[in-house]
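Enquirer: Spelled out, the chains give:
There are 2 protein chains.
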Amino acid sequence: MVMETLQIRLTRGLVEEIQKLVDKDVYPSTSEAVRDAVRRMVIGSGELPKPIEKTVEKIQKEVKFQLLGARGTRDFLPEQQIVREQITSVLRETFELYGYSPLDTPLIERSDVLTSKYAGGAEILKEMFSLQDQGKRSLGLRYDLTVPLARVIGMNPQLKMPFKRYQIGKVFRDGPISLGRYRQFVQCDVDVVGCSAMSADAEIVALVNAAFSKLGFKIDIRINNRKILNGIVASAGIAADKMDGVILSIDKLEKFGVDAVKKELAGKGIAQDAIDTLLDTLVIEGSNDDKLGKLKKSLGENEGITEIEEVLSLVDAMGASCTFDPSLARGLSYYTGTIYETFLKDSKITSAVCSGGRYDEIIGQFIGKESVAAVGISFGLDRIYDAFLERDEVVQKTVTSVFVIPIGTALESMQFCERLRKEGIKADIDLLGRGISKNLKFANSMGIPSVVFLGQQELKEGKVKIRDMKSGEEKMVAMDAVVEVLKK
Amino acid sequence: MVMETLQIRLTRGLVEEIQKLVDKDVYPSTSEAVRDAVRRMVIGSGELPKPIEKTVEKIQKEVKFQLLGARGTRDFLPEQQIVREQITSVLRETFELYGYSPLDTPLIERSDVLTSKYAGGAEILKEMFSLQDQGKRSLGLRYDLTVPLARVIGMNPQLKMPFKRYQIGKVFRDGPISLGRYRQFVQCDVDVVGCSAMSADAEIVALVNAAFSKLGFKIDIRINNRKILNGIVASAGIAADKMDGVILSIDKLEKFGVDAVKKELAGKGIAQDAIDTLLDTLVIEGSNDDKLGKLKKSLGENEGITEIEEVLSLVDAMGASCTFDPSLARGLSYYTGTIYETFLKDSKITSAVCSGGRYDEIIGQFIGKESVAAVGISFGLDRIYDAFLERDEVVQKTVTSVFVIPIGTALESMQFCERLRKEGIKADIDLLGRGISKNLKFANSMGIPSVVFLGQQELKEGKVKIRDMKSGEEKMVAMDAVVEVLKK
Chain W
229 MVMETLQIRL
239 TRGLVEEIQK
249 LVDKDVYPST
259 SEAVRDAVRR
269 MVIGSGELPK
279 PIEKTVEKIQ
289 KEVKFQLLGA
299 RGTRDFLPEQ
309 QIVREQITSV
319 LRETFELYGY
329 SPLDTPLIER
339 SDVLTSKYAG
349 GAEILKEMFS
359 LQDQGKRSLG
369 LRYDLTVPLA
379 RVIGMNPQLK
389 MPFKRYQIGK
399 VFRDGPISLG
409 RYRQFVQCDV
419 DVVGCSAMSA
429 DAEIVALVNA
439 AFSKLGFKID
449 IRINNRKILN
459 GIVASAGIAA
469 DKMDGVILSI
479 DKLEKFGVDA
489 VKKELAGKGI
499 AQDAIDTLLD
509 TLVIEGSNDD
519 KLGKLKKSLG
529 ENEGITEIEE
539 VLSLVDAMGA
549 SCTFDPSLAR
559 GLSYYTGTIY
569 ETFLKDSKIT
579 SAVCSGGRYD
589 EIIGQFIGKE
599 SVAAVGISFG
609 LDRIYDAFLE
619 RDEVVQKTVT
629 SVFVIPIGTA
639 LESMQFCERL
649 RKEGIKADID
659 LLGRGISKNL
669 KFANSMGIPS
679 VVFLGQQELK
689 EGKVKIRDMK
699 SGEEKMVAMD
709 AVVEVLKK
Chain A
229 MVMETLQIRL
239 TRGLVEEIQK
249 LVDKDVYPST
259 SEAVRDAVRR
269 MVIGSGELPK
279 PIEKTVEKIQ
289 KEVKFQLLGA
299 RGTRDFLPEQ
309 QIVREQITSV
319 LRETFELYGY
329 SPLDTPLIER
339 SDVLTSKYAG
349 GAEILKEMFS
359 LQDQGKRSLG
369 LRYDLTVPLA
379 RVIGMNPQLK
389 MPFKRYQIGK
399 VFRDGPISLG
409 RYRQFVQCDV
419 DVVGCSAMSA
429 DAEIVALVNA
439 AFSKLGFKID
449 IRINNRKILN
459 GIVASAGIAA
469 DKMDGVILSI
479 DKLEKFGVDA
489 VKKELAGKGI
499 AQDAIDTLLD
509 TLVIEGSNDD
519 KLGKLKKSLG
529 ENEGITEIEE
539 VLSLVDAMGA
549 SCTFDPSLAR
559 GLSYYTGTIY
569 ETFLKDSKIT
579 SAVCSGGRYD
589 EIIGQFIGKE
599 SVAAVGISFG
609 LDRIYDAFLE
619 RDEVVQKTVT
629 SVFVIPIGTA
639 LESMQFCERL
649 RKEGIKADID
659 LLGRGISKNL
669 KFANSMGIPS
679 VVFLGQQELK
689 EGKVKIRDMK
699 SGEEKMVAMD
709 AVVEVLKK
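Protein sequences, first through last, are from chains W and A. Plus 228 on top of the position in the first sequence (first one is 1) and you've got the numbering used here. Plus 228 on top of the position in the second sequence (first one is 1) and you've got the numbering used here.
Each hint can be trusted.
Distance condition first, Cα-Cα at most 30 angstroms in a straight line; then the derived BS3-like pairs of lysine-lysine: (1) A:Lys388 / W:Lys286; (2) A:Lys354 / W:Lys364; (3) W:Lys698 / W:Lys625; (4) W:Lys388 / A:Lys703.
Hints listed in this document are in silico derivations from the structure and should not be mistaken for laboratory results.
Assemble the whole structure, with the sequences as input and the hints as a guide.
Expert: Given below as structure tokens:
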């Protein structure tokens with residue numbers, strides 16, 4: 229049985245009402261009261277004394293609305309969406325600084341495109357949402373942004389190479405739900421198509437460094453090359469037909485540790501001495517140079533090592549950094565060279581926040597051409613967002629920076645508010661004709677930094693009163709000077 | 229039979245190859261050659277001489293890729309998406325200046341939410357894309373952003389009123405396709421929930437004025453009030469149960485003219501003198517005040533007139549403008565007060581680019597509460613985008629503002645390019661190791677405004693050569709001064 233944690237939000241008044249029942253020992257806790265109300269809603273159970281029944285009914289009503297969203301999806305209220313847009317705007321800005329231009333493709337694709345032999349692989353296809361249009365055409369919701377990119381390359385032979393694009397978009401997977409796994413999530417992809425030179429692979433490392441530095445996160449970019457991994461597996465004496473299975477096991481090193489992986493490999497029929505050689509070569513310590521030195525000795529001539537050395541020297545020239553990790557595997561079998569995974573330092577988010585690699589065969593096979601070189605990386609907005617929330621930063625419930633409170637000056641206040649907007653100030657105004665204290669309470673609860681009062685007396689004098697909502701400080705300011713004061 | 233116009237893009241080389249066949253009178257035109265190739269692909273037909281067959285096969289291959297997108301959807305390549313993001317960024321900025329904060333909701337919703345009695349209406353539901361998750365739950369793709377807003381209000385009783393949100397998002401309708409009608413399109417909505425005062429209705433007019441002024445379009449915002457329309461229909465002696473049908477006919481005035489509407493109304497069983505009275509009252513000329521004066525005489529006391537007078541006076545105070553048009557109807561039956569439609573002046577786009585109104589009943593009925601006041605407007609990105617394309621502005625194929633061409637200085641050039649990016653310059657660099665003339669050709673074809681050359685000699689002198697791609701002018705600039713020169 230798959231368990232699921234639901235976040236239920238109740239109005240404060242109702243929570244207080246439930247608390248009273250807890251105080252009277254009717255329920256051991258507020259959450260038990262909610263659980264009881266839901267149980268009664270689903271399976272029913274006996275009558276309740278009137279006052280308790282009334283509260284339970286209220287809980288049921290509020291809970292019912294909490295369940296109206298499709299399973300595995302989330303709404304982002306302004307206080308959440310403001311943060312998410314800050315993150316995507318930093319990513320967008322960084323992508324553009326590195327010469328990537330925006331692309332947009334539809335959320336629905338033809339099934340035959342999404343399920344084509346060289347697309348996402350069997351695992352992903354099991355989780356594809358399928359639908360039909362009225363003409364009974366088979367369609368699906370996209371599960372990544374790479375297949376649409378391959379389609380766009382195929383459909384647009386006029387595109388100049390290298391084609392550097394970014395795409396920030398929602399993707400869908402109809403899989404099991406757990407903490408941090410949703411059915412709709414956002415990928416932010418950058419890819420270079422049509423460039424087999426390692427300059428592209430290095431540029432992506434510099435871009436990832438720049439993006440997270442702007443976002444204020446310390447990161448560790450791990451890098452490896454599939455040709456090195458293949459070389460290591462082969463040099464351990466493991467047959468080529470076991471390669472993919474072995475790499476899938478190596479991918480579990482980080483999560484489950486050396487012993488578990490050894491056991492799994494033995495289960496796949498790999499000889500004990502091959503397993504030992506393999507892991508001794510994979511799990512090595514030291515600087516990038518140290519590790520490369522050791523590997524050169526055990527592997528000899530290897531194209532992957534040459535490539536990674538080139539990437540590392542370019543990354544270094546660009547003042548960026550990454551960690552060479554020969555045990556980095558990445559599950560997907562379509563990678564052909566460089567692979568990346570990026571982890572946050574000092575965060576509870578231990579999964580990779582940004583991963584990718586070089587896939588020189590996919591696009592070509594997809595569009596029926598010779599190989600088309602491509603390398604790219606995908607930033608997971610939802611994980612980066614979760615990491616953002618760990619910081620104890622002030623929550624903004626609105627983008628508004630000043631709230632105008634008219635005191636008997638409805639028309640003039642709207643006029644004044646409009647002036648502020650024309651000057652680029654994000655200004656809001658009381659639309660409901662509320663009193664001063666209600667308006668102040670509203671501005672405070674929304675976290676708006678400044679309030680402007682405009683009464684008849686102020687109007688006559690061509691002034692307004694500005695209140696700093698944090699310090700409580702108030703001052704009279706000439707109308708013409710308000711913009712200047714607010715922009716400080 | 230529904231016809232469809234497909235845009236087929238072919239590579240230049242192939243077009244030249246086809247042209248040769250046209251020159252030899254094999255085909256009357258290039259497009260006839262393409263049609264023949266498609267016909268042969270679909271229904272086959274006889275053999276062709278070898279050289280012609282080869283070209284036809286090439287056409288078939290390129291055409292095949294053109295058909296890979298789902299029907300009724302479009303890709304936006306960088307040169308298109310750059311423009312679309314310019315538009316949405318102006319809209320977003322304007323919405324925030326007016327105190328609206330961003331909201332994001334999932335693209336998939338539960339069917340029972342989308343089909344609830346008070347949602348989009350039968351017409352829209354016919355065009356809803358349906359799907360299921362693995363738990364066999366019935367889901368649909370959202371067809372607007374209003375139903376999700378109502379759901380969010382229901383699920384979040386803690387939200388402070390008025391709740392001012394904007395949402396820019398894709399919506400889906402599985403309907404017939406024609407020029408300008410797609411199955412996936414973008415709506416940009418602003419709504420004020422929880423405010424019945426006309427200040428909200430007026431603010432929206434000011435916001436629409438500001439948005440289009442920033443976008444560089446002259447517009448005409450038409451405004452009316454459903455209570456006026458109802459009053460006019462009633463005062464013409466038409467029974468209340470015919471109201472909705474009559475309003476649907478009035479909605480066609482703009483498109484089909486007075487005579488057609490009269491005919492349709494007669495067909496709906498409305499008496500001839502009622503029709504004449506109705507149209508005489510609806511179709512009136514003059515200033516807003518003139519029209520209101522005339523209507524007051526024929527209607528007497530009317531809540532809609534009071535409301536629109538208040539809106540107009542506030543709009544005027546805010547320095548914005550709109551045209552009162554008592555014949556404006558808007559099809560949807562859920563509007564309860566103010567209605568808006570915005571048209572572009574001096575554009576071939578004659579349909580409304582931005583419409584909406586007040587709907588005080590929907591949200592309340594949807595969430596099972598007393599009425600919840602709400603007013604909003606929706607900008608149609610796709611139409612605004614089409615209007616943008618009418619202007620003969622320079623097409624940018626990339627966001628890049630400078631392209632660095634290394635001449636034997638791969639490493640140092642990447643280093644230099646990275647410096648530019650750190651300074652906020654959108655810089656790209658040759659990743660392929662191409663020669664100078666190929667690089668210049670590439671930068672030119674992408675419309676990149678400046679190119680920087682960095683050779684060994686320049687490197688020694690700490691300088692680079694900058695070329696203005698438009699004028700062809702070149703000058704040597706110290707590396708430290710490049711940012712300054714480029715930012716000019």
